[in-house]
Amino acid sequence: MKKDIVIIGGGPAGLSAAVAAHEQGITDILILERENALGGILNQCIHNGFGLHVFKEELTGPEYAQRYIDKIAELKIAAKLGTMVIDITRDLRVIALNETDGVLDIQAKAVVLAMGCRERPRGALNIPGYRPAGVFSAGTAQKYVNIDGYLPGREIVILGSGDIGLIMARRMTLEGAHVKMVCEILPYSGGLKRNIVQCLDDYGIPLRLSHTVTKIHGRERVEGVTVARVDANLKPIATSEEYVTCDTLMLSVGLIPENELSRKAGVALNPTTQGPLVNSHLETSIPGVFACGNVLHVHDLVDYVSEEAALAGKFAADHVKNKDTFGSGIAVSCGTGVRYTVPTTIIPDFNERTTTIRFRVDNVYHNHFVSVFFGGDRMYHKQKRILTPGEMEQVLLPKQWFANQPDTKTIRVMLEEE
Amino acid sequence: MMHDAIIIGAGVIGANIARELARYQLDIIVLEKNLDVCEGASKANSGIVHSGYDAKPGSLKAKYNIRGNKMMAALCAELAVSFRQNGSLVVAFDAEEAIRLETLLDQGVQNGVEGLRIIDGETARLQEPNLSQNVTAALWAPTGGIVDPFQLTLAAAEVADLNGVAFHFGTAVTAISCTNGVFNVETSKGHYAARIVVNAAGVHADDLNNRLSSHKYQITPRKGEYCLFDKQIGGLVTSTIFQLPSAMGKGVLVTPTAEGNLLIGPNSVFVDDKSDTSTTEAGIRFVIDKAKQSVDNLPMPYVITAFAGLRATEKHEDFVIGEAEDVPGFFNALGIESPGLTAAPAIAQDMAGWIAAKLDAVPKPHYDGRRNRQPSFESLSVEMKQAMFQKDKNYGRIICRCELVTLAEILDCIRRPLGARTVDGVKRRTRAGSGRCQGGFCSPRIIEILARELGKDLREIVKASEKSAYLIGLDKDLL
Numbered sequence: 001m002k003k004d005i006v007i008i009g010g011g012p013a014g015l016s017a018a019v020a021a022h023e024q025g026i027t028d029i030l031i032l033e034r035e036n037a038l039g040g041i042l043n044q045c046i047h048n049g050f051g052l053h054v055f056k057e058e059l060t061g062p063e064y065a066q067r068y069i070d071k072i073a074e075l076k077i078a079a080k081l082g083t084m085v086i087d088i089t090r091d092l093r094v095i096a097l098n099e100t101d102g103v104l105d106i107q108a109k110a111v112v113l114a115m116g117c118r119e120r121p122r123g124a125l126n127i128p129g130y131r132p133a134g135v136f137s138a139g140t141a142q143k144y145v146n147i148d149g150y151l152p153g154r155e156i157v158i159l160g161s162g163d164i165g166l167i168m169a170r171r172m173t174l175e176g177a178h179v180k181m182v183c184e185i186l187p188y189s190g191g192l193k194r195n196i197v198q199c200l201d202d203y204g205i206p207l208r209l210s211h212t213v214t215k216i217h218g219r220e221r222v223e224g225v226t227v228a229r230v231d232a233n234l235k236p237i238a239t240s241e242e243y244v245t246c247d248t249l250m251l252s253v254g255l256i257p258e259n260e261l262s263r264k265a266g267v268a269l270n271p272t273t274q275g276p277l278v279n280s281h282l283e284t285s286i287p288g289v290f291a292c293g294n295v296l297h298v299h300d301l302v303d304y305v306s307e308e309a310a311l312a313g314k315f316a317a318d319h320v321k322n323k324d325t326f327g328s329g330i331a332v333s334c335g336t337g338v339r340y341t342v343p344t345t346i347i348p349d350f351n352e353r354t355t356t357i358r359f360r361v362d363n364v365y366h367n368h369f370v371s372v373f374f375g376g377d378r379m380y381h382k383q384k385r386i387l388t389p390g391e392m393e394q395v396l397l398p399k400q401w402f403a404n405q406p407d408t409k410t411i412r413v414m415l416e417e418e
Numbered sequence: 001m002m003h004d005a006i007i008i009g010a011g012v013i014g015a016n017i018a019r020e021l022a023r024y025q026l027d028i029i030v031l032e033k034n035l036d037v038c039e040g041a042s043k044a045n046s047g048i049v050h051s052g053y054d055a056k057p058g059s060l061k062a063k064y065n066i067r068g069n070k071m072m073a074a075l076c077a078e079l080a081v082s083f084r085q086n087g088s089l090v091v092a093f094d095a096e097e098a099i100r101l102e103t104l105l106d107q108g109v110q111n112g113v114e115g116l117r118i119i120d121g122e123t124a125r126l127q128e129p130n131l132s133q134n135v136t137a138a139l140w141a142p143t144g145g146i147v148d149p150f151q152l153t154l155a156a157a158e159v160a161d162l163n164g165v166a167f168h169f170g171t172a173v174t175a176i177s178c179t180n181g182v183f184n185v186e187t188s189k190g191h192y193a194a195r196i197v198v199n200a201a202g203v204h205a206d207d208l209n210n211r212l213s214s215h216k217y218q219i220t221p222r223k224g225e226y227c228l229f230d231k232q233i234g235g236l237v238t239s240t241i242f243q244l245p246s247a248m249g250k251g252v253l254v255t256p257t258a259e260g261n262l263l264i265g266p267n268s269v270f271v272d273d274k275s276d277t278s279t280t281e282a283g284i285r286f287v288i289d290k291a292k293q294s295v296d297n298l299p300m301p302y303v304i305t306a307f308a309g310l311r312a313t314e315k316h317e318d319f320v321i322g323e324a325e326d327v328p329g330f331f332n333a334l335g336i337e338s339p340g341l342t343a344a345p346a347i348a349q350d351m352a353g354w355i356a357a358k359l360d361a362v363p364k365p366h367y368d369g370r371r372n373r374q375p376s377f378e379s380l381s382v383e384m385k386q387a388m389f390q391k392d393k394n395y396g397r398i399i400c401r402c403e404l405v406t407l408a409e410i411l412d413c414i415r416r417p418l419g420a421r422t423v424d425g426v427k428r429r430t431r432a433g434s435g436r437c438q439g440g441f442c443s444p445r446i447i448e449i450l451a452r453e454l455g456k457d458l459r460e461i462v463k464a465s466e467k468s469a470y471l472i473g474l475d476k477d478l479l
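Just so you know, the protein sequences line up as chains A and B, in that order.
Quick note: the first sequence uses my numbering, first residue 1, plus one each step.
Quick note: the second sequence uses my numbering, first residue 1, plus one each step.
What the hints contain is simulated information worked out from the structure, not anything from laboratory work.
There's no promise every hint is true.
As the list claims (entries may be wrong) - A few chain A residues that face chain B, going by a derived Cβ cut-off under 10 Å, partial list only:
id, residue
1, 87
2, 95
3, 137
4, 143
5, 144
6, 174
7, 215
8, 263
Yeah, the Cβ is synthetic: ideal placement off N, Cα and C, and Gly gets one too.
Chain A on its own, in the form it takes in the complex (with noise of 0.2 Å):
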């Protein structure tokens, strides 16, 4: 089989990039979708809030999700449901698996990473104690109670305070649980503060930052935690160590980009962000595959996943059609509290209004400027009240920064005192 374009996922990513692709002329798209649904991890998100940027209204992850699925479904964009793809090649074929098919040999002139993201498991934190029933990732027990409708336990303790773990603390809360306390082992939140506010803060759950679990009690399902306190290099103080009884250990512990098949095709990636290396059209080490969305770097709101994901969307579409823009890139480098950008270098392109950097912060800073070099040339310089690593930021440049600086050969994002 022949694709103009295939992308690997149907979530948020893969559905934006599908139909930015088509409005730009290419309609032999294929979306490539294990789940026997679009709409990936938006599905389970039964919460509201997502939309705010994208649709200027708030929605639920269905609600968000339905609104390209309708978008698919009118420009009769291709999906294969229930179809997990097994290989990547360097040259662009990709094989996949489903029950319809058996295997499919797809050969694509252009390939969209859209893979997502998954969660840290257990055995990546070393928990020292028992291996009972009782363990589960945030995302994981969000699936039994928000698809199947089952209940993963009644008492509660939440490890990590990711965005899935404050809403599934806020989740298990009105499903009846109780949930004792969510554990942080930074002096501060890797979640949005809008999460900690909503679904913490409302019903009274306690985060403790600074404090970790140490040891899993019970044989065959979880019958407590120890809790302890750390010290500021993060290691738990014995004195500090507290019996917590639960039935439930939660764990929210950071988000991993799916990228088995891309280190299979033989996509470079960034050791920080474990997802690929991308220039400014979000095109990979390898020509013609692109990636958006979580497979690339772990995102706060799906709105930016989808804003991205539309531009990767656009660069396959100009790569179908031989439209790429060669030249060498700009380099991106990560200054002073910057722990990576995306991307790492810059294609000037004078067909778009503007470059979007987008990048974490390393830790919490108060009253910073946000500041960008040309070279030596400081172009942008922008106070924020709060940066906090929980929060994606990005910076645009206007195509005539690129312009007035031809000779620009290096660009710099950091974090200034003043």
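Assemble the complex: chain A is given as a structure, and chain B must be docked to it using the hints.
The following block gives chain B in isolation, referenced to the frame of chain A:
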């Protein structure tokens, strides 16, 4: 009802004795307190087929290790179990340790281990590029191997089952007595009687023996903790890297597993509680520090899980194998710690031989020792995958994304003899859930499939034991 023999314990020893006894026209039953085979010491160990240089010459450990090692390749082929003779290296870090390698070599030669050779550090590093620069010499044992302990146990049990042995799970022995040559065994599921009892009860084998025999044994469980790494770095080493053994065992090793992961461990700590399989912060730290001495570039972010197992260490530190002198018909396989996995086929062969002789048993005319097992779907070529799909559409549905396990394979592992009844049972049979996401993606799907296949509610599906359900209520049920 009177059985010819009751085997207590469905670990690697019990299952293999059952397989050997299944050759005869006997009525054999295996009682296992857990819900699946291989839930005790056989479950959590290094999975090493030892070459046999470490056991004390003249000991039963030495004798059965050497014999078991020689049997393993043929047995694994017959049982369709992953086995690889990858060889072992015992590394030395200084001149004093290098001398101890010589002692080990001599001991190995005395035990009858073939092919042992001492090589210098450079040669060892040519063979294993990630070996530490501090290694000065190594003992190379080409007959060392790796096997999947669960598969070895399950396969033996399946063959036993197919040849007429009955397995009763969730059946814990609560009392045992012997009168007039008849053993009466009381269990959590009722009364059993037999002419022969085989004690393959792992860490509990001393308790069982001591209830019947005046010759008392004492097993003190010795905990070993491990870290398992992602398959991505399963190739960090190709052979099994040991450090020099001490009084507390063979030391921390670094090894590929038969299934392609990398494994480090174990430590060695005596514990009081025969069910204490908890990992500890200190234990895991010890294992990591030791492993880092053997190899460079141990990529810690790729640890996917940690676990602990218990060795059944008897105080005399040798296997106890055979009929108890003062209790005719009571056969012990007791104190089976390392190299017990290696020794299992040989121990089983002898035990079954003695029991068959005692019962004047007649071989079955149609015994079939082969196990039929499909190769994993993941390992097949694209063409073979399509061919499998043509036969069964369920091969088109991937359930576990990390290990690429299909619905067809999950269904097969539930429906085949001694099929999986628990989520861990599915995991060990198919590897679904044993990859890098540790079941985050597939466990809800596997719970659903198990419930459908077994005609149960999702809340009745357990991880491993009866009280280990994942789901304990319905949304808003108590509001």
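Checked hints:
no.: 1; hint: 87; in the structure: holds (8 Å)
no.: 2; hint: 95; in the structure: holds (6 Å)
no.: 3; hint: 137; in the structure: holds (5 Å)
no.: 4; hint: 143; in the structure: holds (5 Å)
no.: 5; hint: 144; in the structure: holds (6 Å)
no.: 6; hint: 174; in the structure: holds (8 Å)
no.: 7; hint: 215; in the structure: holds (8 Å)
no.: 8; hint: 263; in the structure: holds (8 Å)
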